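Start from the sequences and build out the full structure, keeping to the hints where you can.
Chains A and B are the protein sequences, given in the same order.
Numbered per numbering that gives the first Met the number 0, the first sequence spans residues 0 to 402.
Numbered per numbering that gives the first Met the number 0, the second sequence spans residues 0 to 195.
Think of the hints as simulated: they come from the structure by calculation, not from any bench.
In this text, all values refer to a predicted model and were calculated from it rather than measured experimentally.
Incorrect hints may have been included.
Claimed, not checked - Reference listing, derived: stretches of chain A covered by chain B, where coverage requires no fewer than 3 residues with Cβ under 8 Å from a Cβ of chain B: (1) 56 to 70; (2) 157 to 169; (3) 252 to 258; (4) 304 to 314; (5) 318 to 330.
Backbone N, C-alpha and C define an ideal beta-carbon position, used for all residues, glycine too.
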Amino acid sequence: MSYLKDKGIEVEYKEISNLNTLNLGPTHPATHGIFQNVLTMNGEIIEDSQQTIGYIHRAFEKIAERRPYNQITVLTDRMNYCSSPINNLGWHMTVEKLIGVDIPKRAQYLRVIIMELARISDHIICDSVIAVDTGALTGFTYLFQWRELIYEIYEELCGARLTTNLGRIGGLERDFTMTAWKKLDKFLKGFPAVLEEFENLVKRNRIFMDRTVKVGPISGERALEYGFTGPNLRAAGVDYDVRVALPYSSYEDFEFAIPVGENGDTYDRFMVRLEEMKESLRIIQQAKEGLPEGPFHADVPAFYLPPKEDVYNKMEALIYHFKIVMGETDVPSGTVYHSVEGGNGEVGFYLISDGGRSPYRLHLRRPCFIYYQAYPEMIKGSMLSDAILTLSSMNVIAGELDA
Amino acid sequence: MLTNRSKQVVKREMSLAEKLYLPAIFSGMAITFKHMFKKPATVKYPEEKREMAPIYRGHHVLKRDNAGAERCTACGLCAVACPAEAITMDAAERKPGEESLYREEKYAAKYEINMLRCIFCGLCEEACPKEAIFLTDTIVNPEYARAGFIYGKDKLVERMDARIDVSKRQTADVAMFKMGESEAKHNQLYNPKGEQ
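Below, the structure is given as structure tokens:
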């Protein structure tokens, strides 16, 4: 500072306050993922914070430039791994938009059922984890038993529970089996009561409300400036939902409300997700009742694998089989953007194709990446334990943040 | 408001009973108390095992046909389809007299799956044009050393004394096709006595 003095500039020195630096993360059990927050603490109050991202960056966008289109699905599994079917199907819809395929109504409805199940499982995780972070572990264990049932339905549909790789370009890889329908019926029958029980446990509990009301608020205007979407934006009072604004996969056929909050605080985010689960149940019910008959995949021989018996018996099917697996089917060149309402918000795929087997460039719009930008602003001036709660109520998933 | 579908869901004013917070505590405790008499949701794993879906994607198997010949012809489609690049193989030509070992004229002399790379996506099973590789509903065993996870043909090829049923993973037509004429012709050629 002496050079300032030499130049004749007066520097005013303030009394140095009692600030500490606290490293929250990168592997802190309370943050539910790998997030590093370097917090400047004044006692228990956060004065300033600095975030580090990229701890589990796996360069999906770059890897996608060298992969055939059907192999990119497994990359999307690993973005928001709490609701991977939404990412899988979102990617398939993007490619279908590029190549211009009409998906049969039945496949669209089945997709809606799968995506709404995934949304419920995502919200189960977020809501019960908010309760855990306020100290109510019990509701978490009750709800997770039912998330298990959703995973069993996935298992019946595609063979895996977490990294599903569900669906194919042009439809689904197989129709729902009887076991899957039975499990879905069991879920639809049993889950509302469980949800109500969870509500009774935490929703109007004063301890829970004191911990969550006015914690980590963000105004609707500010949230829009950051580019929030999904439940976190709706909690701030803006009723934007991709399913209504830009309907995909026949969402316009279903009747459902959009729950909105008011202040965009943790309690609002919790409540919006809680109500969205009920709306999702309504959508599944409608899709199940109105399920049309028909094929579960479109007739796109150049992209959808032929049935195995045709591969052995028919020349043409064998040729298509080898071409698809080896990634030799050309897609038209062009640019598409397709977005789906993911568990956390608008999951977007910006795909540039110059023809050929793999994308020229793929950008993944990951909502968590956007939420995390606003995180320092939302926790400034709040307590440390509230910062943890804000992070979990925004449902920032490390895999989606870093991609 | 962008849509006419929005629904305000948050009510933050607390009633007197809620402000007292004791009723909420007791009602919460009543709920947890009720759960003490319910059947536990857990599965006591090593003793009890959960039934997996018939199409569960676990440990791979390289199938043999009914005569005991390996079905794989080392075409390499599974290796091409693998997003994790976990599969490697070396092809070799079948010599006279090996007809009962290998189904086709070309076979995989070496076939390795690196189970540490494998993501169990099932694309290899889908790609196989010979019904040779399947995923099963068993889970890969843990090992102490990384080298143990590179599975060669010794671990992958199914044993004839412990055959693995994959018929549930196939469509009915494929199962019929496999049991149909081509299988019969093969058996007639190479295993006329019908020995297993």
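Each hint, compared with the structure:
1. 56 to 70: holds (count 3)
2. 157 to 169: holds (count 5)
3. 252 to 258: Since three or more residues must qualify, the claim that chain B covers the stretch 252 to 258 of chain A holds, with 4 doing so at under 8 Å.
4. 304 to 314: holds (count 7)
5. 318 to 330: holds (count 5)
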